[in-house]
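> We have chain W already, so just place chains A and F on it with the hints.
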Amino acid sequence: MSAPFYKLGAFGDEANLIVAFFIGIGFGFFLERAGFGSAKKLVSQFYLNDLAVFKVMFTAIVTAMLGVTYLSWVGFLDLSLVYLVPTYWIPQVVGGLVLGVGFVVGGYCPGTSVAATATGRLDGLVFVLGFAAGTLGFALAFPLVAGLYTAGDLGTKTLPQVLGIPYGALVFGVVLMAVGGFVGATWLEKKMAPKAAPATATE
Amino acid sequence: MASVTHDVVPEAAAERAPAAQPYTNPYLAGIGLGLVLLAAFVLVGRGLGASGAFNSSIAWLVSLVAPGYARSNAFLAGYLEGGTHPLKAWLVFEVAGAFVGALLSGLLAGRVALAVEKGPRVSVAARLVLAFVGGSLMAVGAALARGCTSGQALTGGSLLNLGSWVFMMCVFGGAYAVAFFVRRQWR
Amino acid sequence: MRVLPSLTLNQRLGVLALALGALAVFANVAPGHTIKLNARELLISVDRKEDHVTPAELAAWIIEGRNDYRLVDIRDEKAFADYHIPTAENIPLATVLDGALARTDKIVLYGDGAVHAAQAWMVLKGRGYTRVYTLLEGLDAWKDEVLFPVLPQSPTPEQEAAFERSVQVAKFFGGQPRAATAPGGPPMVMPTQAAAPVVAPPTLPAGAVPGPRKKREGC
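Residue numbers (the working numbering), protein chains in the order written: chain W, 31 to 233; chain A, 372 to 558; chain F, 37 to 255.
Everything labelled a hint here was simulated from the structure, so no lab data went into it.
Virtual Cβ for every residue (Gly too), placed ideally from N, Cα, C.
Don't take every hint at face value.
Here are some chain W residues the structure puts well away from chain F; computed CB gaps all over 10 Å [unchecked claim]:
| # | residue |
| --- | --- |
| 1 | Y77 |
| 2 | T99 |
| 3 | Y100 |
| 4 | W103 |
| 5 | I120 |
| 6 | G167 |
| 7 | G194 |
| 8 | K221 |
| 9 | M222 |
Now the stretches of chain W that chain A is said to cover, found in silico as 3 or more residues with beta-carbon under 8 Å [stated by the list, open to error]:
| # | region |
| --- | --- |
| 10 | 47-55 |
| 11 | 58-72 |
| 12 | 83-97 |
| 13 | 131-139 |
| 14 | 148-162 |
Under the rule of at most 30 Å between Cα atoms (straight-line distance), these lysine-lysine pairs were calculated in the DSS-like manner [claimed, not checked]:
| # | chain 1 | residue 1 | chain 2 | residue 2 |
| --- | --- | --- | --- | --- |
| 15 | F | K161 | F | K72 |
| 16 | F | K142 | F | K161 |
| 17 | F | K114 | F | K179 |
| 18 | F | K142 | F | K72 |
| 19 | W | K187 | F | K161 |
| 20 | F | K85 | F | K161 |
| 21 | W | K187 | F | K142 |
| 22 | F | K72 | F | K179 |
| 23 | F | K161 | F | K179 |
| 24 | F | K114 | F | K161 |
| 25 | W | K187 | F | K114 |
| 26 | F | K114 | A | K459 |
| 27 | F | K179 | W | K187 |
| 28 | F | K179 | F | K85 |
| 29 | F | K85 | F | K142 |
Next up, chain W with everything else stripped away, as it sits in the complex (with noise of 0.2 Å):
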C-alpha cells in the first residue's frame, strides 16, 4: 500500500500545507467553475428549477466515492489511514437543519463563500464575516452546548458497517440513487422552467 502518501511518510508536515494549499485550489476551481460562487445559482436548488448543487455535489461524491473504491481494492490506498469524523448523530442533525436554515438564508455555504468572495460577491463577504460571528458566538457559547455537542456518540460508522450491508454493494446502491436522481433533477428542471426559456443543452 503507498497511499496515503503523507501518512505512510513520504513527505513531511511542512510539505503537506503546500499540498493544502494546491488541493484548495483545485477545490475553489471546480467550485466557481460550477457557478457555486453564486448564490442565487446555489439556492435555485432549494427553489426546484437549477439542481445544480445536487448534481455537482452528487458526481463528485460517486466519483471520490469510485475512486477510494479501486484504489483499495487493487491494494494501493490504504482506506484505513483516511480520517473518517465520528458519528454524533444528534447535534451532527441538529446542526444539518440549522445548516440548512442558514444555507437558504445567507446563500452560501463556508466553501462557496469564499469562492464567492474571490470573485467580488460582496455578499460572499459579508456571509463569512458572519460565519466567522457564528463561530466565535459558539465557542463563548460553549460551556452551554458542550452537552448537545457531545450526544449521541456513535463513534466512527460507516453505513456498510451499520446497515449490514457489504461496501461493495452499497457503492453500487449510491451510484444507482445518484444516476436516479439525476434523470429524476433533470426532468424536474423542465417541468419547472418557464416555457419560454430555451430548452437546456445539457442533456
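Showing chains A and F alone in chain W's frame:
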C-alpha cells in the same frame, strides 16, 4: 431563473463585466471536484473542508486578545494545543488555496465582478443582513455537526460515513423547509 | 445489426458510472492482514537498541509529565486493573491493530515480560508504524528497577547515590526499596492503584468536554 446553461450574472455587474461564460456542465464540474477530493484522500488521507479553517482562525484571534481564556475554552483549546501555530493548519491553507482557485476560474470565465447576489424584490442592505445572519447560523450548524457541506457531506459522503449522510439529509431538509419563507430574497 | 444509439455526454457519463458501480459490488476494500517486514532493518534496529526504552527512562518520562507518547499495556483487562504503570492505556494484544493506535504515534508497549510486547512491536512495525518501542523486559523489569530497587551488597559511592535516586522514584510510584536479600526474602507487595501516584491527565476546565486529538483532521 430559467435554464441551466445561461444564467445569473448579477444585474449590478451585467453592465460592467463582459458577457460571462456559461457555467460548466455540472457533471463535469462534479467529476473535477471529486477528483480533487480523491487526490486529498490519496495524498494526505483526509478530505476537504472549510469550517475548520474558520475555527482555527477564530481560535487564533481569541488567543491574541485573551490567551488565557482561549486556552481554557474547551472548543477553542483544541485548535491551540500541540505547539504549532493555529494558522498552520491544513484547512487554513486549503481554504486559502480555494480562494485562489475560485479567483482563477472566475477570471478565466469573466465572472469576477464586484456585485451582490440577490433577487429583484429585496434591497442590497437587506440581502447583506441576511447574508450575515445566514452565515452565523451556518457556523453554529457546522460547529455542532463537526463540518459543513464540503467536509461532512462531500468528504464523509464519499466515504460512506454514517454521520455525514445523516447530516447531508438534514441539510437538504432544513433548507427545503425554510426556502419558501425566504423566497422573497431570491425571486 | 448492432447500433449503439448516439448518447449525449451526460448519458455516457451515466452509463460509465453505472458500469463502475456494478463492478464495485465485487470490491474488497478491507486492508489485508499480512505485514511486510524489512528483516535487515528490524535486526539492525534491535541491535542498536532503538527498539526499546528502559524502565528508568520511562519512569523519568512519567515523572516529567511528558505526553508526547502513548504508553500501552498489552495485557488483558483484569491484569490491567490489578496493576498498571500510571498513564498507561490498555490495548490487549489481539486488538492492537484495531485502530486505536495511529501510525505516526510514538508508542511504548509493555507486557508482563519481554515476549508479548516484542511480538506486538513486530506486528506494528510490519504495518508501517515507525515510532514503536517496547519497555525492556516489561513489568518484571519495572518492578525490579523502579518499584522495588535493590541496593547491591557493598555498594560503591556511585551505586549508593544512584540508589538514593531510585528510592525517590520508587516512592513516587508507590513502591519501596529493598536491601539485597537472599532468595526467598519477604514478598514484594504491588502498590494498589489507589496508592499509585497522581499523574492524572491535565484536568479539564469546568464545562469542558474531552478535547480532540492533537492533530486535528476534522473539517
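> Take the C-alpha atoms of K161 (chain F) and K179 (chain F), compute the straight-line distance between them, and say whether it is at most 30 Å.
This hinted pair holds, its Cα atoms lying about 27 Å apart.
> Tell me if chain A covers the region 131-139 of chain W under the three-residue, 8 Å CB rule, please?
Held - the region 131-139 of chain W has 9 residues with a Cβ nearer than 8 Å to chain A, which meets the minimum of three.
> Next pair to validate is K114 (chain F) with K161 (chain F); report whether the Cα-Cα distance is within 30 Å.
At roughly 27 Å apart (the allowed maximum being 30 Å), K161 (chain F) and K114 (chain F) satisfy the hint.
> At a Cβ distance under 8 Å, does chain A reach at least three residues of the region 148-162 of chain W?
It holds: at least three residues are needed, and the region 148-162 of chain W offers 14 whose Cβ sits within less than 8 Å of chain A.
> Does W103 (chain W) sit more than 10 Å from chain F, CB to CB?
Label violated. Min Cβ-Cβ 4 Å, cutoff 10 Å.
> Beyond 10 Å from chain F, beta-carbon-wise, is G167 (chain W)?
G167 (chain W) clear of chain F: closest Cβ-Cβ about 16 Å, beyond 10 Å.
> Check whether the Cα positions of K179 (chain F) and K187 (chain W) lie no farther apart than 30 Å.
40 Å, violated
> When you check the alpha-carbon spacing of K114 (chain F) and K459 (chain A), does it fall within 30 Å?
43 Å, violated
> Given the proposed pairing of K142 (chain F) with K72 (chain F), does the C-alpha separation stay at or below 30 Å?
20 Å, holds
> Straight-line Cα separation of K161 (chain F) and K72 (chain F) no greater than 30 Å?
8 Å, holds
> Under the criterion that the straight-line Cα-Cα distance not exceed 30 Å, is the pair K179 (chain F), K85 (chain F) satisfied?
It holds: about 21 Å lies between the C-alpha atoms, which stays within 30 Å.
> Hey, does K221 (chain W) actually stay past 10 Å from chain F on C-beta?
18 Å, holds
Hints 2, 3, 4, 22, 26 and 27, counting from the list given before, are not met by this structure.
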